[in-house]
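**Student:** Note that the protein sequences, when read in sequence, are chains A and B. Residue 82 in the numbering used here is what sits at position 82 of the first sequence, and the numbering runs on without skipping anything. Residue 51 in the numbering used here is what sits at position 51 of the second sequence, and the numbering runs on without skipping anything.
Calculated directly from the structure, the hints in this document are not laboratory data. All figures in this text were calculated on a predicted structure; none of them were measured in a lab. Positions of the beta carbon are idealized from the N, C-alpha and C atoms, including for glycine. Incorrect hints may have been included.
The following label-pair restraints were derived from C-beta to C-beta distances [as the list claims (entries may be wrong)]:
(1) B:T35 with A:A51: 55 to 61 Å
(2) B:P365 with A:I216: 53 to 59 Å
(3) A:I216 with B:G74: 46 to 52 Å
(4) B:D117 with A:L153: 17 to 23 Å
When the alpha-carbon atoms are kept at most 35 Å apart in a straight line, the in silico DSBU-like pairs for lysine-lysine are as follows [to be verified]:
(5) B:K119 with A:K109
(6) A:K178 with A:K88
(7) A:K88 with A:K23
(8) B:K353 with B:K211
(9) A:K109 with B:K266
(10) A:K88 with B:K119
(11) A:K109 with B:K353
(12) B:K82 with B:K273
(13) B:K266 with B:K353
(14) A:K203 with A:K178
(15) A:K178 with A:K109
(16) A:K178 with B:K273
(17) A:K178 with A:K258
(18) B:K234 with B:K211
(19) A:K88 with B:K211
(20) B:K273 with B:K234
(21) A:K88 with A:K203
(22) A:K178 with B:K266
(23) B:K82 with B:K211
(24) B:K211 with B:K266
(25) A:K258 with A:K23
(26) B:K211 with A:K109
(27) A:K203 with A:K109
(28) A:K109 with A:K88
Partial selection, computed: residues in chain A whose CB lies under 10 Å from chain B [said to hold, decoys possible]:
(29) V70
(30) K88
(31) I93
(32) I115
(33) I120
(34) A156
(35) G162
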Amino acid sequence: MYVHGTAVLLRAPDDAQTALVDKVRQQTGLYFRRVNRFILLSLAGAHQCVAGRTPDPATMVCLTTENGSVQDTETTLGQLFHERSYPKPYNFINTMSNTAAFYIAQSMKLRSPNITLAAIQFAFERGLELARTDLNRGAAEYALVGGVDEAVLSEANQCRFGDRLVDGSAWLYLSRHKTHASGEIAQIRSFSDTRSALDGYAKMDLPADPVLAFGIGIADAEHGQWQAVRPGSRVLDYRGRYVYSGSSAACGICGFFKGHEGQTLVHINKDRLGNYTLLTATVY
Amino acid sequence: MQPDVEQSVFVRGKSAVCALGDQLDAIVAGMRDATINVTRIAFEITDPEAGRPYYLMPGGYRDRWPDVESRFHGVLLETVEKAVADSGLSAVDLAGAGIFLGSTSMNIPVFEAGYADEKTGARDYFTQTASGFGVIAAAVAERFGIHGPCYTFTTACTSSANGLLYAASMIEQGQLEHALVIGYDMFNLVGFYGFESLRLLSPTVYRPFDKRRDGIIMGEACGAVILTARRGSKGDFRILGGANACDTANVALHDTGGEVIAGVMKAAMYAGKVQPDQVTAIKAHATGSYHNDLTEANAIRMVFGDRHAPVTGIKPFVGHTVGAGGVLELILFTECIRAGFLPPTVGFQEPDKELSITPLMTPAPAGAGIFMLNYFGFGGNCTTLMITNED
Numbered sequence: 001m002y003v004h005g006t007a008v009l010l011r012a013p014d015d016a017q018t019a020l021v022d023k024v025r026q027q028t029g030l031y032f033r034r035v036n037r038f039i040l041l042s043l044a045g046a047h048q049c050v051a052g053r054t055p056d057p058a059t060m061v062c063l064t065t066e067n068g069s070v071q072d073t074e075t076t077l078g079q080l081f082h083e084r085s086y087p088k089p090y091n092f093i094n095t096m097s098n099t100a101a102f103y104i105a106q107s108m109k110l111r112s113p114n115i116t117l118a119a120i121q122f123a124f125e126r127g128l129e130l131a132r133t134d135l136n137r138g139a140a141e142y143a144l145v146g147g148v149d150e151a152v153l154s155e156a157n158q159c160r161f162g163d164r165l166v167d168g169s170a171w172l173y174l175s176r177h178k179t180h181a182s183g184e185i186a187q188i189r190s191f192s193d194t195r196s197a198l199d200g201y202a203k204m205d206l207p208a209d210p211v212l213a214f215g216i217g218i219a220d221a222e223h224g225q226w227q228a229v230r231p232g233s234r235v236l237d238y239r240g241r242y243v244y245s246g247s248s249a250a251c252g253i254c255g256f257f258k259g260h261e262g263q264t265l266v267h268i269n270k271d272r273l274g275n276y277t278l279l280t281a282t283v284y
Numbered sequence: 001m002q003p004d005v006e007q008s009v010f011v012r013g014k015s016a017v018c019a020l021g022d023q024l025d026a027i028v029a030g031m032r033d034a035t036i037n038v039t040r041i042a043f044e045i046t047d048p049e050a051g052r053p054y055y056l057m058p059g060g061y062r063d064r065w066p067d068v069e070s071r072f073h074g075v076l077l078e079t080v081e082k083a084v085a086d087s088g089l090s091a092v093d094l095a096g097a098g099i100f101l102g103s104t105s106m107n108i109p110v111f112e113a114g115y116a117d118e119k120t121g122a123r124d125y126f127t128q129t130a131s132g133f134g135v136i137a138a139a140v141a142e143r144f145g146i147h148g149p150c151y152t153f154t155t156a157c158t159s160s161a162n163g164l165l166y167a168a169s170m171i172e173q174g175q176l177e178h179a180l181v182i183g184y185d186m187f188n189l190v191g192f193y194g195f196e197s198l199r200l201l202s203p204t205v206y207r208p209f210d211k212r213r214d215g216i217i218m219g220e221a222c223g224a225v226i227l228t229a230r231r232g233s234k235g236d237f238r239i240l241g242g243a244n245a246c247d248t249a250n251v252a253l254h255d256t257g258g259e260v261i262a263g264v265m266k267a268a269m270y271a272g273k274v275q276p277d278q279v280t281a282i283k284a285h286a287t288g289s290y291h292n293d294l295t296e297a298n299a300i301r302m303v304f305g306d307r308h309a310p311v312t313g314i315k316p317f318v319g320h321t322v323g324a325g326g327v328l329e330l331i332l333f334t335e336c337i338r339a340g341f342l343p344p345t346v347g348f349q350e351p352d353k354e355l356s357i358t359p360l361m362t363p364a365p366a367g368a369g370i371f372m373l374n375y376f377g378f379g380g381n382c383t384t385l386m387i388t389n390e391d
């Protein structure tokens, strides 16, 4: 899949929502009523990715997320259990996180497949696989794939990440057409254990010195064994730059497309069951 | 790697639990006999005098688990276990399978139990404890030793229908050999009170396409199927293809003209290499809401004209099971055909001239054929699948 646009949008979780509303209004010329932070983050990132172009109407939207709309889910549960009232209609509708992908399609006049998808640790990679499937079957000519998550301000997360917690919205605009592309997502491969993942990495057809990046599921102590496979590789620590959000892998992968011309990224991530997903991204 | 020839995709193992029980033979017998198990549930939190009908799983089944959390996982894992057993595939066969889970409510019932508990029901309980929608599929993967990729779809009432579509597409393209597709929505207060806040819940009986239809009646269900490139037995259904798209008319309503939905039906037939006159019957989404039935009826007439194949709806038997409906309705529809009949749209009595659709009112004989399955949902989602039991 060839990359025709990228965006990474990070916001501090205490940034005023009105700033996001203004940003989306500037991007789209539209004012969205009754939308939440998750929807605004999604809209702002997606529109930044297409950067003023008119996307092909045959563009599939795949919004990936860990937790979806945290704000409206919390609000709706509060209305029920604390205020003991019926949920407000738009709070309830927006608990269905696919409304964010709907507003992207509506604002860009897209009528192609529209998917909201979750997966522990691998949401963005799985979304790219769905996009590849739709491009292969001719269901879409282009795909807009994003990873969006609000910072989940749980006590555990705040203890672990402190002021590094951010909202993240990162996107790729993809197609099967190479003309005018700025790069490509060439391989997405999954493995069921460390040994097969290392073996798969060793056998990958890659340039001599790829850039390695580790997702949040890879402990620091594990880095060495991956670097040993290709000693010339350099490590990109986007987790330090992009800090934490459920969409951190999306932020890391999409962010690579700025300032890494001529380089290939191998992004390695692991879920809690010990499964690995390796993704390669090349910037022309 | 792409295969030179597209793989066929078979529906090989299946299991479901819904208001009609947890045994497929008994569920099908109930559908043949027009059995309806509806419970009235009061709005205890807001208005205890008021209530709405709901299709709960049978009490003797759901009461086997002592609390919401154990029931949530128990129903899910037991349903998957039965589907795996029904497929005849081994644990080794399924180790690399993909898991495709579709749900509207995800594990919100578990969080609701936390809010209802005085010890944990403080503000922000969801924010404090949420660990991602993907945990449900991950629990299935862990329990059954499946290491393939997990995809959790949250596209409202098309969630598990989209799971079926992408699982079938990935098998067809040679990306996967097997897939476990699950549709699961358990009774939850957010959905029950939320749909009431939208004034969408019927206070009476379920009667899609009827002139007096007055809304949806919700239901809880879990369904699981194994899709595979390997045929199990001669009667296995095949997924021929499908399509999905977004109707951007309104976040909660489709364009009542039906143009986008008609486009999805046509695209699904094109993907399945099916002509309109080859369609044997249509399982409509048939929610029973005024707008949805109008939209779907307009779309069916746009695609097929006035001489369309028999149309029927499953929801009056099991309720609107939202995200679970994709898998559940596929199972019930195909099991009825396997038993030799197309299920009727029970509850339907009075045709609506505005719709010009009269669904099946009694069971009709069924055999080999090509069938269209429609699913629509909030967020503009439209999904249509084409299936067949022909050789």
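**Student:** All the hints need checking, so say for each whether the structure fits it.
**Tutor:** Now the hints, each set against the structure:
1. B:T35 with A:A51: 55 to 61 Å: holds (57 Å)
2. B:P365 with A:I216: 53 to 59 Å: holds (57 Å)
3. A:I216 with B:G74: 46 to 52 Å: violated (31 Å)
4. B:D117 with A:L153: 17 to 23 Å: holds (21 Å)
5. B:K119 with A:K109: It is violated: about 47 Å lies between the C-alpha atoms, which goes past 35 Å.
6. A:K178 with A:K88: Violated, at roughly 46 Å.
7. A:K88 with A:K23: This hinted pair holds, its Cα atoms lying about 26 Å apart.
8. B:K353 with B:K211: Distance of about 8 Å is within 35 Å: holds.
9. A:K109 with B:K266: holds (20 Å)
10. A:K88 with B:K119: Holds: K88 (chain A) and K119 (chain B) sit about 26 Å apart, inside 35 Å.
11. A:K109 with B:K353: holds (33 Å)
12. B:K82 with B:K273: holds (33 Å)
13. B:K266 with B:K353: holds (25 Å)
14. A:K203 with A:K178: holds (25 Å)
15. A:K178 with A:K109: Judged against 35 Å, a Cα distance of about 24 Å means the pair holds.
16. A:K178 with B:K273: holds (29 Å)
17. A:K178 with A:K258: Cα-Cα ~18 Å, so holds.
18. B:K234 with B:K211: violated (41 Å)
19. A:K88 with B:K211: Holds, at about 29 Å.
20. B:K273 with B:K234: OK: K273 (chain B) and K234 (chain B) at ~21 Å, within 35 Å.
21. A:K88 with A:K203: With Cα atoms ~54 Å apart, K88 (chain A) and K203 (chain A) exceed 35 Å; violated.
22. A:K178 with B:K266: Holds. K178 (chain A) to K266 (chain B) sits at ~30 Å (cutoff 35 Å).
23. B:K82 with B:K211: violated (40 Å)
24. B:K211 with B:K266: Holds: K211 (chain B) and K266 (chain B) sit about 27 Å apart, inside 35 Å.
25. A:K258 with A:K23: Holds. K258 (chain A) to K23 (chain A) sits at ~21 Å (cutoff 35 Å).
26. B:K211 with A:K109: holds (34 Å)
27. A:K203 with A:K109: violated (42 Å)
28. A:K109 with A:K88: Holds, at roughly 28 Å.
29. V70: V70 (chain A) check passes; min Cβ-Cβ to chain B is 6 Å, inside 10 Å.
30. K88: holds (7 Å)
31. I93: holds (6 Å)
32. I115: holds (6 Å)
33. I120: With a minimum Cβ separation of about 4 Å from chain B (threshold 10 Å), the hint on I120 (chain A) holds.
34. A156: holds (8 Å)
35. G162: violated (17 Å)
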